[in-house]
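Given the structure of chain A, go ahead and fit chain B onto it with the hints provided.
Number of protein chains: 2
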Amino acid sequence: MKLMEQMILKDGKVLPGGILKVGSFLNQQIDTELLAAMGEEIKRLYAGDHVTKILTIESSGIAIAAAAGMAMQVPVVFAKKHKTSNVDGEVYSSVVHSFTHGTDYNVVVSRDYIRPDDRILLVDDFLASGSALEGLIELADAAGAEVVGVAIAIEKCFQGGGDELRAKGVRIESLAMIDAMDDDGGVSFRPQPEA
Amino acid sequence: MKLMEQMILKDGKVLPGGILKVGSFLNQQIDTELLAAMGEEIKRLYAGDHVTKILTIESSGIAIAAAAGMAMQVPVVFAKKHKTSNVDGEVYSSVVHSFTHGTDYNVVVSRDYIRPDDRILLVDDFLASGSALEGLIELADAAGAEVVGVAIAIEKCFQGGGDELRAKGVRIESLAMIDAMDDDGGVSFRPQPEA
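Residue numbers (our numbering), protein chains in the order written: chain A, 1 to 195; chain B, 1 to 195.
Just chain A, with the same shape it has in the complex:
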């Protein structure tokens, strides 16, 4: 998605250690024109796939999931993060390792909101190691629902999680795919098919 790449080049900030700051347009502050375009692009990518529900994870996935859900006219469910594993039987739960913070946390979602006949589209802002995504896939699996695919705003391909999941057969559509980031602030994108 050219608009996303342009926004990253224009307003993203590359920090040492493979960190990309997009707080001015994607998280913390959200450019709603970009957000609406992302919703439409995700709708286009998964048109005809009979998605029944979008599943995301709090907090920074919610706006993107909401935009996609409104465009696709399907409900959005967001999994919550919990520090403790003290969850009851009314939820599905999985453990996610945060490489950023070096800790584990639980993602939980009520059993009421994912059904065996759901065709789930997973949505998140970033894909790096893929551990958050694996947690969401586990939640959908636990519910017996089918994961139709994944839609990501920005994939950091150089961290490998996306290609590992693709190798396992997961369909992943990332609106911008970053192959490399230089310490001097340069960003190179993986070429993508045009719409």
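No wet-lab data here; the hints were simulated from the structure. Treat each hint with caution, since some may be false.
Where chain B lies over chain A, by a calculated footprint (3+ residues, C-beta under 8 Å) [claimed, not checked]: (1) 55 to 67; (2) 109 to 118; (3) 124 to 130.
Since we're looking at a predicted model, the values are computed, not measured. Note that beta-carbon positions come from the ideal geometry of N, C-alpha and C, so glycine has one too.
Using the frame of chain A, we list chain B on its own:
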């Protein structure tokens, strides 16, 4: 907003202690047809007020703020919750008391994303005691920005926060205003002017 009242009556669950569960359509799972209608209604309510930015608080305010921001074509900023007061000089910060959890937490937002010339619309899912809203008003005040008003999905009028803020001159538009909830599950709404 009749649609919101209807959803509360149809799918909301009243629990003892003044708790209203709306997880099936407003938080955790989000009805995106309702969400889009909320965005349009908030746009209608604040048409002509020259809102430049929407400010909300993670997590459950984000989807509503995103819908309103897309409808009104203004950026959305979300304040983050922090347990510690260990915040640096690059953010505005205020303390919020959670009556639900009996604890205090900090809400912070980067100084880059609220400007003195901003005309801010505050958006959140619930208004009860009003403490989260007071925290957001403090953030906007600290930035020297003007708070044009507030848009809330569901106000629990019987908890008093909304009317206290109105008495201080804050404009508050709530899409559903609950005057009373009975232990047997009954909900009565405060009459509102029709669109």
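Against the structure, the hints:
{"no.": "1", "hint": "55 to 67", "in the structure": "holds (count 7)"}
{"no.": "2", "hint": "109 to 118", "in the structure": "holds (count 4)"}
{"no.": "3", "hint": "124 to 130", "in the structure": "violated (count 0)"}
In summary, the one numbered hint that this structure violates is 3.
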